[in-house]
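Protein chains: 2
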Amino acid sequence: MKSILRLCQAVEEQAKEVYEGLAQRAADPDLASMWRELAMEEGRHREHWQMLLRSAERGQVPSLFPNEEEVEAELRSVLTRIAALRSGLDAPGNAAWPFVLGLRVQFQLLQPTLEYLLQWARRLSGEAEPKSGSEQALGRLVAAVRRCGAGPELDLACEMLVALQRQNQQLLLQSHRDALTGVRNRRGFLDAIFPLCHLAQRSGQTVGFLMLDLDDFKRVNDEHGHERGDEVLRAVARILQGNMRQSDVLGRHGGDQFIVFLSPVVAGAVAAVGEKLRLAVEEGTAGECPVTASVGGASGMLGRDVQRDVDKLLARVDACLFIARSTGRNRVVVQE
Amino acid sequence: MKSILRLCQAVEEQAKEVYEGLAQRAADPDLASMWRELAMEEGRHREHWQMLLRSAERGQVPSLFPNEEEVEAELRSVLTRIAALRSGLDAPGNAAWPFVLGLRVQFQLLQPTLEYLLQWARRLSGEAEPKSGSEQALGRLVAAVRRCGAGPELDLACEMLVALQRQNQQLLLQSHRDALTGVRNRRGFLDAIFPLCHLAQRSGQTVGFLMLDLDDFKRVNDEHGHERGDEVLRAVARILQGNMRQSDVLGRHGGDQFIVFLSPVVAGAVAAVGEKLRLAVEEGTAGECPVTASVGGASGMLGRDVQRDVDKLLARVDACLFIARSTGRNRVVVQE
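Chains as they are written, first to last, in the numbering used here: chain A, 1 to 336; chain B, 1001 to 1336.
If you are wondering where the hints come from, they were derived from the structure by calculation, not from laboratory data. Don't take every hint at face value.
Pairs of lysine-lysine, DSS-like flavour, derived with a Cα cap of 30 Å [stated by the list, open to error]:
| no. | chain 1 | residue 1 | chain 2 | residue 2 |
| --- | --- | --- | --- | --- |
| 1 | B | K1276 | A | K276 |
| 2 | A | K312 | B | K1218 |
| 3 | B | K1276 | A | K218 |
| 4 | A | K218 | B | K1312 |
| 5 | B | K1276 | B | K1218 |
| 6 | A | K218 | A | K276 |
Excised from the complex, chain A in its bound form (with noise of 0.2 Å):
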């Protein structure tokens, strides 16, 4: 990861260059500003990668890419297309060169890994809800093309990337998804609590998890057929997530496992929010084709080795979930 992290910092340190180097150029003021601007705005990514890589070298950021060398050589390839392109501040064409010169450097940025990462810091470093990296710097940029009049080729690129930054946005969203119910999916839900864990590693709040698992669901499978199977599990994603904070994440955590990541938690907070969707999955459900859910939790306060104190506390949740399997079902037990 830490090689990643480093190229990364890279990219963006000669994408910063690039930018500076248009700004110095530029002849007409506020075209000079928007190049500054951009150029500000790659030094403050600099900031997000330097905490990523203090956390890394400290062992807090999991492998995230099973293809490592693959993502490294894609991050270099990158790193030259765009030390060639800052080669071109030294070549200047015509009158669009800027404009090109800078949409292709957007266009390079415009990598998954980037964006991915990007997104982790800023959750690590706190936001909630954080925007995509690369939307404020190219409205900025489409916008200076505009107002110039580039010309129609120029108007064309800009409105191509903004597609391709849209679609970059897309693909990151459905490889973090669950394509059936929506909501996160394993992977999505382990990146969206890791920075979350250490966020409240460092201020010392306890941290809860619920696992819920439908209780005999292959039987609605086999009975009601696949689509109505699928329809349950939606509607009791749809049953969780509308009985959850905003600020807890919710996950598919296997065919008919759901789990559940709540912080800040007080004393009794985790029973009693299990309790409640367990509740909610049984009144929300009934009808046709009801269904009960199998609930499993556990809190605890994180120590430095943030993630094996989480594995610690999962499989807490997991023998929690098997006692209340073992011992009835539809119902909730949960070790504070």
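Mind docking chain B on chain A? Use the hints.
For chain B alone, coordinates are given in the frame of chain A:
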């Protein structure tokens, strides 16, 4: 579905007219022939839409979108935009205007809906692994822009359009694949087999289905954790894929269920393949975390109401799977 298909047809009709207009106005004969080829490609697409429309009128195209109104609204706005581009034919601008216009049309045609339905139509007409509809046309246009030295702005726009096209494909692929195992999800599976079923019906061939259910899989998750459970699911998907014909279709049907479509099949083949797959799973996962599969299967001919007959066949598969699971598991029950 019919009004969606009519809109698709109208969109490509408009695109064709833009390209024809560009061909008429091109002074350079090479460029004129390039525009004509693009127009002809749109013409070929039109045939696909007509075929799909005829199938839809016979009730042979299932409802492919949960949100038909949204899809229609989107296509209608694409149609409006391409019609607006068409009127640009009579207002030429600088030397690059034909390229800007052509690239804009391609940009508008990069719709997931169009791409998706076009692939569907191609599969229905018997192409095994249909290529992207826009790939060839785009390649031709980009090559022409480069050859003519249309300037750095349009070079940039071309690169972006190629990137957009690639992302469009990726988005389409992701929504049809199960993120965990990489095999088709339910939607992807049904999409893939529907045209194949129609082909089989027309040629009077027998088709078969196998449904595999991993025995007591919850135990793996409970005893070894979800990470391990996921590994097992990935391994099973690999094993199944490795033991099927290229022309058969594999899907992950639910948490621990896989489904296989076989076409064409001869008498006894479904039971034989079922046994082969059952054995492959048992032997392939022997070791730390062994799993076995119960398998149900059925085969039959499809009548004119393909969808109804597929549903009937799947009901028989379900019944067989139920017997396999309630009579000892790790066995194959097929009704041929």
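Hint by hint, here is what the structure shows:
no. : hint              : verdict
1   : B:K1276 x A:K276  : violated, 47 Å
2   : A:K312 x B:K1218  : holds, 21 Å
3   : B:K1276 x A:K218  : holds, 25 Å
4   : A:K218 x B:K1312  : holds, 21 Å
5   : B:K1276 x B:K1218 : holds, 24 Å
6   : A:K218 x A:K276   : holds, 24 Å
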